[in-house]
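S.K.: The listed protein sequences correspond, in order, to chains D and A. Residues in the first sequence are numbered from 1 upward in steps of one, following this note's numbering. Residues in the second sequence are numbered from 1001 upward in steps of one, following this note's numbering.
Simulated from the structure, these hints should not be mistaken for lab results. Warning: the hint list may mix true and false statements.
[Stated by the list, open to error] Here are the in silico distance ranges between beta carbons for each label pair:
id, chain 1, residue 1, chain 2, residue 2, range
1, D, ASP121, A, TRP1207, 30 to 36 Å
2, D, ASP121, A, PRO1216, 25 to 31 Å
3, D, SER118, A, ALA1186, 39 to 45 Å
[Claimed, not checked] Far from chain D, some chain A residues (derived; all Cβ distances over 10 Å):
id, residue
4, TRP1033
5, PHE1050
6, TYR1076
7, PHE1128
8, SER1164
9, PHE1237
10, ASP1241
Note that CB positions come from ideal geometry on N, CA and C, so glycine has one too.
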Amino acid sequence: MAEVSVEIRNAVKAHGATLAVDHLSLEVRRGEFFSILGPSGSGKTTTLRLLAGFERLDQGDILIEGRSMRSVPPNHRPVNLVFQHYALFPHLTVFGNVSFGLEMRRLPKEEIRSRVASVLDMVRLTPKQDRWPAQLSGGEQQRVALARALVNQPSVLLLDEPLGALDQQLRQDMQVELKAIQEQVGITFICVTHHQEEALTMSDRVAIMHQGRLLQVGSPQEIYEAPASSFVAGFIGVSNTLRGRIARFNGTTCDVTVPGLPTGQAIVARPSAGAGVGSSVTLVLRPERLHLSNEVRVGGFDNVLEGRVSKAVYNGSEMQYLLSLADGISWKARVPNVGEGQKKFLPGEAVFVRWNADEGVVLTE
Amino acid sequence: MSPIAFPPKTISEQGRAERPGLAGWLLAPALGWMGVFFLLPLALVFAISFASRGTYGGVEWTVSVANYLNVIDPLYLKIVLRSLALALATTVWCLVLGFPLAYYIARLPARWQGVWLLLVMIPFWTNFLVRTYAWMFMLRTEGLLNTALIGLGLIASPMEILYSTTAVLIGLVYGYLPFMVLPLYAAIERLAPSLVEAAWDLYASPWAVFRRVILPLTKPGIVAGCLLVFIPSLGAFITPDLLGGAKTMMVGNLIQHEFLVVRDWPFGSAIAFVLMGLVLIGVMAYVKAEESDRGQKEER
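Could you build the full structure based on these sequences and the hints that come with them?
M.R.: Shown next, in the form of structure tokens:
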């Protein structure tokens, strides 16, 4: 088991009458890229500010490298923050910005110069070291902000929406670069974002927050494929849902009856732990896991539902279909474009939607 | 075409060149006003400063620098130096008191900022002379301050504050503090709080945050505030007159005295120009220092 770098113990922080952070407990391992993902107002930014020391805990504790941070001001914490809008000092050059932290710690001039040089080299900004922040592009400013924090070799690097201000193409490039840099320096990264693709792409583990509470922590794959609640399922990617009740168990699978579907037709699914006969459940299915066909039986699938294509969108890499199923249930399906021979469905066409039991997730509420 | 027209929709160099008259017309009232009521009198005072006093107080149009040589007389030089020291002290006190206040206001929620700025400016609604008289009531031997301090048992006998340099300083700081607070507020309000947090996060102690980030980034406001306080307090004459009494004559009183009592307009004019020259030299020295400082930064 990897060592713990950051431990948040039962942290509470109130903003006025609401709890911005509501009894949050969390462990982040050393050297891991950890993302806190949530919609705005979920408490993720407050959590980051508590870690940086800009806000004080009302209850609980935060331990960094085993040391309580309760009464430690930001300038004495072994963490550095990459600010959302970079917060570069406009009156200092790139070099002046990056060397700021080292100068404050009164390191020898020679060491400052060599450490700044090597970190600027890492973010490919050596030729720009005498520029002013206002003379840099958004992507360059972002890299200066990163360098300014990394040069201090903190125990933990905090990132607040690090790619939020960049355009789409740059954002995707920087996702890869940020992850590569993190692996190179081996520092624990804690990244706050509302952008789920960013979190899934870069992180070793992801925490989902909502209304100040922690909903789920896990690897990107666990979060995506085994969401613990319908909020997580809905927040991470697109999901189709069906509400029903467990009718019976058949070994490793169970039958779920769904109101609105033809009588006698049950959905076969893999039950979640703790579900029993009669439990009311939500079935979650990812759009890319659905198989579409004109025929009822091609290959053995556990489940088949009849529907109609209401919308078809060509998206380059894939076809996106909006399907209307029985009784006003509307689902989305995605089919990758793999070649010429592939069947494309047209709006109004009748289709059969098919999937296997283990491709859906059953949530007990 | 009528002189007042709508500006071109795109302000390009070409568009500007097409209408050279518009800007000139809009500037005309201000330029005219300044010319007639500022430059002209100033030129007149400058001319008078080389003249000499007539027997009955009039101006005799001779040309000499005698008035200027007179200013260097130790008697008058002392007054000028005392005024410079007092104006400097006023500026420093206004800065020390005004900065925390301006910082506090600039970091309040937006709706409270307006209320506080209003409170800072409310004294302007009352005549300055009346407010200075109010200070006389506060500071005199049986005044509010002494009564309160004796009542609290902090002092046994009343302090003699009124008619002293301290009283003048208090009055000047009181009078010019808003001129310091407003430009400081404007500068601090523009300083992003995240920059302060960034410095704090990068191991800067609160003092280092102030010195390395807040101070350099609010410098334009500090300079503006200091000039707005220093210049008028250097020439102030109501406050020294009422609160300082006869003992502490300031250069403002001296000029007033020369014009209205001694009726030596040429000498009064010369003192006024020496004063202006001193301020101008100070400001230019600052601008020069600032430029070379920036030049060095850009070279690095």
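S.K.: To test your reading of the hints: which numbers does this structure violate?
M.R.: Those not satisfied: there are none.
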